[in-house]
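Here is what each chain is made of, one letter per residue.
Number of protein chains: 2
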Amino acid sequence: MKPKITLKDIAKELDVSISTVSKALKNSKEISKDTKDRIKAFAKFYNYRPNNIALSLKNKRTKNIGVVIPDIVHHFFTTVFRGIEKYANSKGYNVIVCISDESFDKEVINMEMLANGSIDGFILSLSAETQLKNDFTHLKELLDQGIPIVLFDRITEEIDCDKVVLNDRVISIDAVEHFISAGSKKIALITTEDYFNVSESRKEGYLQALKNHNIKVDDNLILTLPHGLDNTNLITEFFQNKEIDAVLCVNEIFAVQCMSIIQHFGYNVPNDISIIGFTDGILSKYSSPKLTTIAQHGEIMGENAAKFLIDRMESTEIEDAPFKTKVIDATLIKRGSTINK
Amino acid sequence: MKPKITLKDIAKELDVSISTVSKALKNSKEISKDTKDRIKAFAKFYNYRPNNIALSLKNKRTKNIGVVIPDIVHHFFTTVFRGIEKYANSKGYNVIVCISDESFDKEVINMEMLANGSIDGFILSLSAETQLKNDFTHLKELLDQGIPIVLFDRITEEIDCDKVVLNDRVISIDAVEHFISAGSKKIALITTEDYFNVSESRKEGYLQALKNHNIKVDDNLILTLPHGLDNTNLITEFFQNKEIDAVLCVNEIFAVQCMSIIQHFGYNVPNDISIIGFTDGILSKYSSPKLTTIAQHGEIMGENAAKFLIDRMESTEIEDAPFKTKVIDATLIKRGSTINK
DNA sequence: AAAAGTTACGAAAACGGTTTCGTGTTGATA
DNA sequence: TATCAACACGAAACCGTTTTCGTAACTTTT
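So the protein sequences, as listed, match chains H and D.
Residues in the first sequence are numbered consecutively from -6, following this note's numbering.
Residues in the second sequence are numbered consecutively from -6, following this note's numbering.
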């Protein structure tokens, strides 16, 4: 066991001062070539590496980013996280993850914990509870302290900061129009309770598309599911005694559940009923038929969020740049669960 | 914008020394009640929180854990991670994640980066490349420096440290015996290349079970798939012109791919061919029929790994405790893809 | 009233770096 | 030979804590 070596150790061993060692290792021309060579050789031999903590304290920056997400066992968030990690790493940053578990308190506690010096900035997607409570004082306080925040996907208008979102509304219109162009008229929507701004936008898009094509909205064709339960029965019920020829689902789980139920009733997907889901995850790729889905490009969202944050943290401008919102274009990936002309 | 307040700020403002402030906030009885009250009130008002970095430097411990996993967009690893995060958080630790992306170099670089003071210990699952190269010098060096490491799932015998693994071999035997007890005789195995020790153990279990029941091993019934490609064609080919009545797959993707292909051939699952896969993820739950799977209890593995690490880091024993290996019992979850008596 | 013990606080070192500034020694210049 | 710049290095401050130790100013004991 050989403990980590410090500047002090090197200085003592070579009988020079700590400052000389520090300068030598940074190749300062204040130090003679001879001394530099001695010190460098010694440092290399003992595998000297500067202590990150000491550097953080000195530089008042940790090169750590805090990422707070509601869930990690979730395809979309993991892809976003991968994008964040990738970009951050390429810029020399490390990523500390906290999972809010959809809880307001956990979100607050974790962020306060990290804000006391552990990180230089946050990337965050709001927990369900936070969105429900509409309480963002914790975010405001952090911004007040000068800690930059980037919100993605589950954002709020209440907070002025950089944001990365999907064009949920527009892509929903596209999806519904994809149904319509194949002749569908009775288009259903399966969504979650509205306090998620993303669900809201998707519903808006759905309604807008119907309106654009003079299709009357039928509230019976909209199913709003509660959060976190097994919804199989509700969905089964929903499809009974209804004429439906297409379904837009706000996630791929609903989509694949629909598909099972529909097929179980003896209908054919896509010929009798077409399906589109959000999230181009593993379920969509391995179902049969494969699901037509809306790819959210989580990795790109993550990269963009990380870039926003790092740019802001590293900006030396006296005047802070205005906050930006980046809209990522979702893509409709046409596969076997829809009729694609 | 109100920047973070420090002990020094409080001291100057209240005209006392820094040490007095520090002691007062820790409720030291060296300080008079009057002074303590003044300082506490002031600190509370300005929302004073000690700086984590300064504490880390002083205490020589960061309360950060480094987690290095090959992939994050992967059900098993995310569940393990959730377990780690949960337990670590409950003990006041934060988690820094690095994704090795199955690359040896990334694994090495990330770990060396973090080892310079950023973390107190590692939890790690080896990258594919590392297992292939069989080069563990980076781990040995870290252990040499006194940094504790816990390995999970993708481990190696070469390194002496705490480990958390699944009883892959035994559960594979159980799975195959579940097939046999339903009358299956022609049992196939679909696995990945062998440098994953987990695949190896699963194959051993498969072979052992056949042996136990005097079933002759047929190499044609074992399909070894390369890593990272679309294997649909290989699997389709595999099933052609063969008598197979059961398939054990080392992951749920293979399992669900098999099921699609089998059903596409017009066979019934489970009546004609039964299927069992590893990983009780989203695919297994939402396929039809639902997959009989081997639940790996990732969350429990994660909790155990975190507990091992934190116990070791916090142990004050002079003599280090011997390294332990915790075997997590997998569970066979019987669902629709097998005949369950 | 002198000695001893409390009380309540401050000074300073330490953690491991970086960086500014000062300074003794050299060699070149006037 | 006195002056000055260049060179090569060290001292010390600083980042924000904790903690040991020293010490005035009282209070208590004898």
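Just so you know, the hints here were simulated from the structure itself, not pulled from any lab data.
Since the model is a prediction, treat every value here as computed from it, not as a measurement.
A few of these clues could be false.
Said to hold, decoys possible - Capping the alpha-carbon separation at 27 angstroms, the derived lysine-lysine pairs in DSS-like fashion look like this:
(1) H:Lys37 x D:Lys53
(2) H:Lys33 x D:Lys53
(3) H:Lys99 x H:Lys79
(4) H:Lys(-5) x D:Lys99
(5) H:Lys53 x D:Lys278
(6) D:Lys99 x H:Lys37
(7) H:Lys53 x D:Lys53
(8) D:Lys(-5) x H:Lys53
(9) D:Lys133 x D:Lys53
(10) H:Lys300 x D:Lys(-5)
(11) D:Lys235 x H:Lys99
(12) H:Lys51 x D:Lys53
(13) H:Lys327 x D:Lys283
(14) H:Lys16 x D:Lys53
(15) H:Lys(-5) x D:Lys126
(16) D:Lys300 x H:Lys(-3)
(17) H:Lys300 x D:Lys99
(18) H:Lys51 x D:Lys(-3)
(19) H:Lys84 x D:Lys99
(20) D:Lys(-5) x H:Lys(-3)
(21) D:Lys1 x H:Lys53
(22) D:Lys278 x H:Lys283
(23) D:Lys51 x H:Lys(-3)
(24) H:Lys(-5) x D:Lys278
(25) H:Lys19 x D:Lys99
(26) D:Lys56 x H:Lys79
(27) H:Lys84 x H:Lys300
(28) D:Lys300 x H:Lys53
(29) H:Lys278 x D:Lys327
(30) D:Lys327 x H:Lys133
(31) D:Lys126 x H:Lys99
(32) D:Lys56 x H:Lys84
(33) D:Lys99 x H:Lys(-3)
(34) D:Lys(-3) x H:Lys133
(35) H:Lys51 x D:Lys5
(36) H:Lys133 x D:Lys(-5)
(37) D:Lys(-5) x H:Lys56
(38) H:Lys33 x D:Lys1
So which of those numbered hints doesn't the model satisfy? Violated hints (numbers, rising): 5, 11, 20, 24, 28, 30, 31 and 38; every other hint is consistent with the structure.
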